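K.L.:
Okay, here's what each chain looks like letter by letter:
2 protein chains.
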Amino acid sequence: MKSLSKKFREGGEVIGLVPTMGYFHEGHLSLMRKARGECERVVVSLFVNPLQFGPQEDYHLYPRDEDRDAKLAEKEGVDILFIPSVSEMYPEGYATFVEVKRLTEGLCGRFRPGHFQGVTTVVLKLFNIVKPHKVYFGMKDYQQLKVIERMTRDLDLDIEIIPCPTIREADGLAMSSRNSYLSTEERKAATVIYRSLLEAKETYRKGETKAKVLKEIVGGILRGEPLVRRIDYVEIVHPETLEPLEEVGEEGAILAVALYIGKARLIDNILLREEV
Amino acid sequence: MKSLSKKFREGGEVIGLVPTMGYFHEGHLSLMRKARGECERVVVSLFVNPLQFGPQEDYHLYPRDEDRDAKLAEKEGVDILFIPSVSEMYPEGYATFVEVKRLTEGLCGRFRPGHFQGVTTVVLKLFNIVKPHKVYFGMKDYQQLKVIERMTRDLDLDIEIIPCPTIREADGLAMSSRNSYLSTEERKAATVIYRSLLEAKETYRKGETKAKVLKEIVGGILRGEPLVRRIDYVEIVHPETLEPLEEVGEEGAILAVALYIGKARLIDNILLREEV
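Protein chains in written order, with numbering that gives the first Met the number 0: chain A, 0 to 275; chain B, 0 to 275.
Quick caveat, the hints were computed from the structure, so don't treat them as lab data.
The structure presented is a predicted model; accordingly, all values stated were derived computationally and were not measured.
Hints may contain errors.
A pair counts as met if it fits within one copy or between any two copies, since identical chains are not told apart.
Stated by the list, open to error - Calculated cross-link-like contacts (lysine to any residue; reagent style SDA-like; alpha-carbon spacing at most 20 Å):
1) Lys214 x Leu50
2) Lys200 x Gly171
3) Lys6 x Tyr259
4) Lys100 x Gly117
5) Lys100 x Leu71
6) Lys133 x Glu246
7) Lys205 x Asp140
8) Lys33 x Met138
9) Lys133 x Glu224
10) Lys33 x Arg111
11) Lys209 x Pro238
12) Lys209 x Met0
13) Lys5 x Glu184
14) Lys70 x Thr202
15) Lys1 x Arg152
16) Lys205 x Ala188
17) Lys133 x Asp155
18) Lys100 x His114
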């Protein structure tokens, strides 16, 4: 991979990277398409990164299908599907970790200690190996996006981070590899997530700006669904600092939720801002 | 700096970096000379990095003389003396830190919590800004050298770390910007450090391999000097893992000390190995 990147760069080609954990869905494919449209070379990395899973989390359960992924990537015109092994990424004696403070403290960071350290560490390694000019991230993982943006700026990397809209199923559920954990019944119940976000957004549009009220709308709807077995958070935060807000102001806000349905921890978010 | 590095690289020039905190002495100059002999472009960074000083340490006391440094660098044929400001390196909102575990736990890391995190963070930033092919570090800061080597490998950086021998005064004292803190009397007393290391090395050469005995030789000599007001450690460690050793084995060992004379925290080390 390194020698290919070097060759691409020496040839003056713009390299786009789509970092993934595989088991591609339309969300991943939309990132590949966007990269394909903007870059001479598109690299998709596929690495289920053990470092970003907690000891009680679903690392071993995480769905994998490299053959199918390879076909899908090829269909999207991806130049390179980069699939390093765990022992290549973290050989014996590995000891280096990257951490972004503050932005990682709230939201998912509070419920998944070490998760973002795992994400920033692997993403920095992928950046250094692939040497991309542009990197594509989905907005479903909004906190991840902001953390990576911060790291990229702080570490003086010459990389453009490109946020891409969340892709949803026809019934509104945000695409996620973890949706595959859901039974038919759970899958149906999962539509409650986006429905609750839209309801809060509608109330915001009608003039309600108090975070407490908007969060309670989401919480009320989610608690009404018996298959939602645990809610990690319903939060309204500043779109850049991710600090909790009491009021949705001029800069808007991100309304974000994380919850469990069956074995799946699902996250979603929506932007509250006047012009959108 | 970034656009210059880009230009150099595009021109196929090898970039050498000598990262420093300034107040150049022969140690720094020897690194510059080595870089000058091996690289088309020599960049010396001068940045007294607040992140690697503890709250009770000598950040504000640290000696500075940019005009003198500029003249010395020019005399060595350095192409660029890169002097970023603190607010350029750590602008408001800065939040990203790099940590190397294990290697940073013993020796100076035990006595200077956060020090190596400050070092690895700033060095990674300098690497990303200057984009060097080769980087030159002195072996006086042996633990720093090993930590940087580890980080460079772990983060998949295409950079060669080049260790350079410690440069000493005529009486054996390792060159250090912090030597400037010493009074005439303290300066004289400071020769005890290298003397004690040489004495232990001589005993090792004669066949003694027990770390305890060798450390006691050093400790005894140091404690015999009244101006040594505190000894942080006298350690014998594996040259690569930096794990404390009970016995100097085939792979040799580093005998390292850190102590205070007056306001100055001084460190030094020596390699114990058969062939050297």
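K.L.:
Against each hint, give a clear statement of whether it holds in the structure.
P.N.:
Right, here's what the structure says about each hint:
Within a single copy, Lys214 and Leu50 get their C-alpha atoms no closer than 32 Å, and across copies no closer than 39 Å, so neither meets the 20 Å cut-off. Proximity of Lys200 and Gly171 under a CA criterion of 20 Å is satisfied intra-copy only: 14 Å inside one chain copy versus 72 Å between copies. In this assembly of identical chains, Lys6 and Tyr259 lie within 20 Å of each other by CA distance neither inside one copy nor across copies; the values are 45 Å within and 51 Å between. For the homomeric pair Lys100 and Gly117, the shortest alpha-carbon distances inside one copy (13 Å) and between copies (14 Å) are both at most 20 Å.
Taking the shortest alpha-carbon separations for Lys100 and Leu71, neither the intra-copy value of 36 Å nor the inter-copy value of 39 Å comes in at or below 20 Å. In this assembly of identical chains, Lys133 and Glu246 lie within 20 Å of each other by CA distance neither inside one copy nor across copies; the values are 34 Å within and 51 Å between. Taking the shortest alpha-carbon separations for Lys205 and Asp140, neither the intra-copy value of 27 Å nor the inter-copy value of 63 Å comes in at or below 20 Å. Taking the shortest alpha-carbon separations for Lys33 and Met138, only the intra-copy value of 14 Å comes in at or below 20 Å, while the best inter-copy value is 48 Å.
Taking CA atoms no more than 20 Å apart as the test, Lys133 paired with Glu224 passes in neither setting, with 40 Å inside one copy and 59 Å between copies. When the C-alpha separation of Lys33 and Arg111 is checked against a cutoff of 20 Å, the pair qualifies neither within a copy, at 30 Å, nor between copies, at 47 Å. Proximity of Lys209 to Pro238 under the C-alpha cut-off of 20 Å is restricted to the intra-copy arrangement: shortest distance 16 Å within a copy versus 60 Å between copies. For the identical chains of this complex, Lys209 and Met0 are neighbours neither inside a copy (49 Å) nor across copies (47 Å), given an alpha-carbon limit of 20 Å.
In this assembly of identical chains, Lys5 and Glu184 lie within 20 Å of each other by CA distance neither inside one copy nor across copies; the values are 49 Å within and 56 Å between. Proximity of Lys70 to Thr202 under the C-alpha cut-off of 20 Å is found in neither arrangement, the shortest distances being 43 Å within a copy and 66 Å between copies. Within a single copy, Lys1 and Arg152 get their C-alpha atoms only as close as 23 Å, which misses the 20 Å cut-off; across copies the closest is 14 Å, which meets it. Neither within a single protomer nor between protomers do Lys205 and Ala188 lie at most 20 Å apart by alpha-carbon distance, with minima of 27 Å and 78 Å respectively.
In this homomeric assembly, Lys133 and Asp155 come within 20 Å of each other (Cα to Cα) both inside a single copy, at 14 Å, and across copies, at 19 Å. In this assembly of identical chains, Lys100 and His114 lie within 20 Å of each other by CA distance both inside one copy and across copies; the values are 12 Å within and 17 Å between.
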